[in-house]
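Based on the provided sequences and hints, a complete structural model is requested.
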Amino acid sequence: MRKHWRPAITGAILALGLALLPTPPASAASADGSWSVTPVDGGYRITLTLDKRLPARDASPELAVDGRSLGEAQESRDGRTLTLVTTDPAAAHPSSVRVAWQGVVPGTTPRSATAPTAATDVPAGTPITSAPEAAGHYGVTRADYDFGDTALQLSGLTGVPVEERAAVWVPVGASGKRPVVVFLHGREDACYDPDSGTLDNANWPCVNGLEPMPSYLGYARSAEVLASQGYVVVSVSANAIGAFDQTTASPDRGGLARGQLVMAHLDLLAKADAGTAAGMSPVLKGKLDLGNVGLMGHSRGGDGVVRAALLNAARPTPYGIRGVLPIAPIDRTRPALTDVPMAVLLPYCDGDVSNQEGQHFFEDSRYTSGTDSALKASLLMMGANHNYFNSVWTQVYGDDWDVYVDPGDPACGSSVAGNTRLTVDEQRAAGVAYTAAFFRMTLGRESAFLPMFQSGSGSAVQVGAATVLQATQSPAAQRLDVAPLQAAAGNVAFSGKVLGQYCASIAGASPQSGLPSCSDSTATSRFPSFTPVTHTTNVPATPMLHLTWANGGQMTAALPSGRYDVSRYGALTLRAAPDAGNIAADLQLTVVDGAGRTQSTTVSALSDALSPLPAGNQDLLPKTWLRTVRWPVAAMTLVDTTDIRQIRITTATATGGVLLSDLAFTTPSVGTGAPTKLPQLSVTDTTADEDAGNATVAVRLSKASSLPVTVHLQARTGAGTHITAAAQKVTIPAGQTTATVTIPIQDNSTVDASADTPYQVVLGYPTNAVTGKNTAYVTIHDDEA
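If you use mature numbering (1 follows the signal peptide of the UniProt record, and there is no 0), the sequence shown corresponds to residues -28 to -1, 1 to 757, in order.
FYI, nobody ran anything at the bench for these hints, they're computed from the structure. Honestly, I wouldn't trust all of these hints.
[Unchecked claim] List of simulated lysine-lysine pairs, DSS-like, C-alpha gap at most 30 Å:
| hint | residue 1 | residue 2 |
| --- | --- | --- |
| 1 | 149 | 24 |
| 2 | 243 | 149 |
| 3 | 745 | 701 |
| 4 | 257 | 243 |
| 5 | 745 | 649 |
| 6 | 675 | 649 |
| 7 | 649 | 243 |
| 8 | 675 | 701 |
| 9 | 649 | 701 |
| 10 | 149 | 649 |
| 11 | 745 | 675 |
| 12 | 745 | 243 |
[Said to hold, decoys possible] Taking CB as the label site, the calculated pair distances span:
| hint | residue 1 | residue 2 | range |
| --- | --- | --- | --- |
| 13 | 168 | 459 | 54 to 62 Å |
| 14 | 646 | 127 | 23 to 31 Å |
| 15 | 396 | 123 | 27 to 35 Å |
Every residue gets a Cβ at the ideal spot worked out from N, C-alpha and C, and that includes glycine.
Structure follows, in structure tokens:
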């Protein structure tokens, strides 16, 4: 054996730090035998055995030592045993090991001392008078299909047969081919007994007389409304994936498999349209416009439909996917979606995916391409929870906030009168309205619904009983970027006693970015834009400007040379939020024209974006979430809007701290949705000996780009301790198609439990490209074996 000991990891990768651990103690265990810690070379294996199986949540289980989560755990098939290998010294002498969800150990967080927050503390927003949820003039018939529980094999779910089953709503009397919308549900139990309430997620196909959970029928109202408006709606069953996506059969928690499932159903529908699919209803022959397709995914299904859109774009002849709507989604691998309109709908009172990590779909897609032709929006629905968007989950599982967090929470608990919470009927109505409006807007070109996603003024809209906050970005053709505020720029300057610091992520998660954290808090669920997600923990999250001041100051941003005429745009826009201090602050916005004339207003006069959101559970609320502030250009009557030279942002309160992003002139627009033509990034498997010092991973493009391509590669820890969890930025120069990445290997002097130990590497957060095969393995061979 050649020993390669290094006191610190160096080279291209910046590791979070493989701590120099004390001499491993003897194995430790709890008095009741529920947990144990076993030393492994360079780290510890923690095992927790539960009295009953874990609930089948969309969030992934974690293991917490002495109240602090150490990361996502591997779950056994019966859902009763969790295992985690870690190098964290906290695992050496634990006094407790418990299950955590998204960084929080249930039942350990005190309620906020904040008084109950009344619904009136949330701005009512601009009323939406259109009624997208109204029934159309077509009748509706069903054309369901079911090819059994084991009809499909998907490479994203190794060795597991998957059902091919869907409910289909078809408009009666609608002439010609009709737009197609596909719905995909998330992860709950695969099997159940509707009479006894027995649940099972450990077996597929179902056993012991249980039947498949009909999660795919939970969006029937949205489907009926859209079908009555002339759309064919297909809601897909994905129980098999949900039963195995926490196991080694699915390394990315089902993301790839769900995307492949959607594509398999589109392929089947293409055959049905051609009349060549045996077992499909003849009603579908000649009725499906697969050049005009929309995708909606709820929870883990949200991740699935984004992956489907990217898989589709990689095909030589893709389907015409023209709108993607993730609802309360997970986002584990940080892909970006360009050239397709996307709206991410987040529930403020989500008790399951409480960190609203789906916000990354919006954040990561904003500047992926400088020519992105489609709207990007993120919408925060106040008072909504996770389950109520699906009627089956509502009936079987109830209120996820009450079950997983606290029914008495002042902001989100259902038992607190007058807070932000929506009733079941109110939330379902709002969900139907947004689902119908999005696809009528993107597939049906009904522009009347655009204000629900990108208003012309304010930062919030009122849809029925629901207040919905907006963060939006117009297509590139309808946008003049003045200052994205992601990094220092020559046209941005600061003066006075104001500190402008660019930041990214929270709690020191991405030191390799060279940027400080936007907050030191470890309460990840309070920061959807920054929360580190499981498979890309150290990839930088949402670089932006952190502006702080004590006695006032100013930021100035000069417009791009020669692009001074802003008269054709709808508004000056800026995303903003109070920083982690959540103290209300204010800013003055000033535009300056070529003659030196000025006009000013304040953020508070335009929006409530700098007012803190409702507080409650201290680990989950209040959210720090940037809203889009809009100052209509038509209101800038004191300056020459054909010759605007500068924007000034001046402090309007004595002290304060705010987060700012995306300073631009924009016009609301859906854009032109189509599968992206950007090259696709992939990463390949590799092997290395334990004593090799490094492993080399190849990152490739499907075709050369005229611009440099960047992406971040995350190395993840696995069943051993040869590799440290860390991320690094990878650049493929213009005109080239390959880059190599070096990952340090930590050698040891013992025989490992397995001769070959795989470690996952994941690509995420790309620019000038999108991710394709974004997951691979570095397999380390034990030289002592």
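Outcome of the hint check:
no.	hint	verdict
1	149 x 24	violated, 50 Å
2	243 x 149	holds, 14 Å
3	745 x 701	holds, 17 Å
4	257 x 243	holds, 9 Å
5	745 x 649	holds, 16 Å
6	675 x 649	holds, 10 Å
7	649 x 243	holds, 25 Å
8	675 x 701	holds, 20 Å
9	649 x 701	holds, 23 Å
10	149 x 649	holds, 26 Å
11	745 x 675	holds, 14 Å
12	745 x 243	holds, 27 Å
13	168 x 459: 54 to 62 Å	holds, 58 Å
14	646 x 127: 23 to 31 Å	holds, 26 Å
15	396 x 123: 27 to 35 Å	holds, 34 Å
Hint 1 from the earlier list is the only one contradicted by this structure; the remaining hints agree with it.
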